[in-house]
Amino acid sequence: MKILSVSTATSNLSVALNDSQKIIAEKNEVDKRNHSEHLDPLIDEILKDNQLTLQDIDRFAVAIGPGSYTGLRIGITTIKMFASILHKDVVGISTLQALAKSASGDDLIVTALDARNDNYFAAAYVLDKNQIPQNVIPDGHYHIDTLLQAIKDYLKENDRHLLLLGSGLDKQEDKIKALGVDFAYGKDEQNGVHAGLIGQLAETAEPVDPDKLLPKYLRRTQAEVDWHKKTGKPFGPDSDYVEEV
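Each step along the sequence shown adds one to the number in full-length UniProt numbering, with nothing skipped, and position 29 is 29.
Simulated from the structure, these hints should not be mistaken for lab results. Don't take each hint at face value.
[What the hints assert, rightly or not] List of simulated lysine to aspartate or glutamate pairs, DMTMM-like, C-alpha gap at most 20 Å:
| no. | residue 1 | residue 2 |
| --- | --- | --- |
| 1 | 177 | 114 |
| 2 | 2 | 58 |
| 3 | 175 | 153 |
| 4 | 22 | 189 |
| 5 | 27 | 188 |
| 6 | 22 | 45 |
| 7 | 2 | 206 |
| 8 | 22 | 128 |
| 9 | 177 | 153 |
| 10 | 187 | 114 |
| 11 | 129 | 203 |
| 12 | 22 | 206 |
| 13 | 175 | 118 |
| 14 | 48 | 37 |
| 15 | 187 | 106 |
| 16 | 88 | 206 |
| 17 | 88 | 40 |
Could you put the whole structure together from the sequences, leaning on the hints where they help?
Structure, rendered in structure tokens:
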């Protein structure tokens, strides 16, 4: 199965071509924030380098969040368009699960993206026998104290080392040490979102209708908050407030 995967969830842009679990090619641009300009050329490069066209792709996959609001929309919109026009499978993969996929062993894998002011988009995973990360602390938007309490509660019942992946947790080292457990930070390569790992997860993930592929922000955008204050209406799907605004 040929799978084309992208991540525009963070400042790093990643595009990959997989043949089932084998990563054929992956291209990454580090700390670039103009994904709208660079995504299509990177996809084109990977396809041309491997003598393929979009029609040759069996399944498309994309990181659906958490992450940058604008970044997520760029990747998701592109992949939805490809899948819809070409009538191909499409899969959305959690950004945090994709980070966890870089790990191995029996660690409790905590993946996080710095959301500032001691807040994090974060989750915890353990690997199953097929090396697929299984969620044991849900993807969410956590204050560091809430996240660490959830980790502490899990480790009380499960004897595992702690592996920290992603961004920003190194700023909390004193609090992490206070947990009294063995922990380690991931290598630099593991702390970025890799499209090749998204492709590996996508092989066995359940495809969705392209129209139902939506970003998972895990917290309200400022536009939603302002709209709610203005209208007094309950929060609903993105389209509800976008049309109103």
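Exercise for the section: Would you mind confirming whether the straight-line C-alpha gap from residue 187 to residue 106 stays at or under 20 Å? Expected result: 17 Å, holds
Practice task
Verify the proposed pairing of residue 175 with residue 153, using a straight-line Cα cut of 20 Å.
Solution key: 15 Å, holds
Exercise for the section: Take a quick look at whether residue 27 and residue 188 sit within 20 Å of each other, Cα to Cα. Expected result: 16 Å, holds
Practice task
Would you check the hint for residue 22 and residue 128, treating anything up to 20 Å between C-alpha atoms as holding?
Solution key: Given that 20 Å is the threshold and the Cα spacing comes to 19 Å, the pair holds.
Handout entry: 20 Å Cα cutoff - pair residue 22, residue 45
Key = Holds - the C-alpha atoms of residue 45 and residue 22 are around 19 Å apart, at most 20 Å.
Exercise for the section: Would you mind confirming whether the straight-line C-alpha gap from residue 22 to residue 189 stays at or under 20 Å? Expected result: Since the Cα atoms of residue 22 and residue 189 sit roughly 18 Å apart, the hinted pair holds (cutoff 20 Å).
Problem - Given hint residue 40 paired with residue 88 - CA-CA distance at most 20 Å - result: At roughly 18 Å apart (the allowed maximum being 20 Å), residue 40 and residue 88 satisfy the hint.
Problem - Proposed proximity, residue 37 with residue 48 (alpha carbon, max 20 Å) - result: 18 Å, holds
Exercise for the section: Quickly compare the C-alpha distance for residue 187 and residue 114 to 20 Å and report which way the hint goes. Expected result: 17 Å, holds
Practice task
Sort out whether residue 58 lies within 20 Å of residue 2, counting only the CA atoms.
Solution key: 5 Å, holds
Handout entry: Given pair status - residue 206, residue 2, alpha carbons within 20 Å
Key = 16 Å, holds
Practice task
Quickly compare the C-alpha distance for residue 129 and residue 203 to 20 Å and report which way the hint goes.
Solution key: 16 Å, holds
In this structure, every one of the numbered hints holds.
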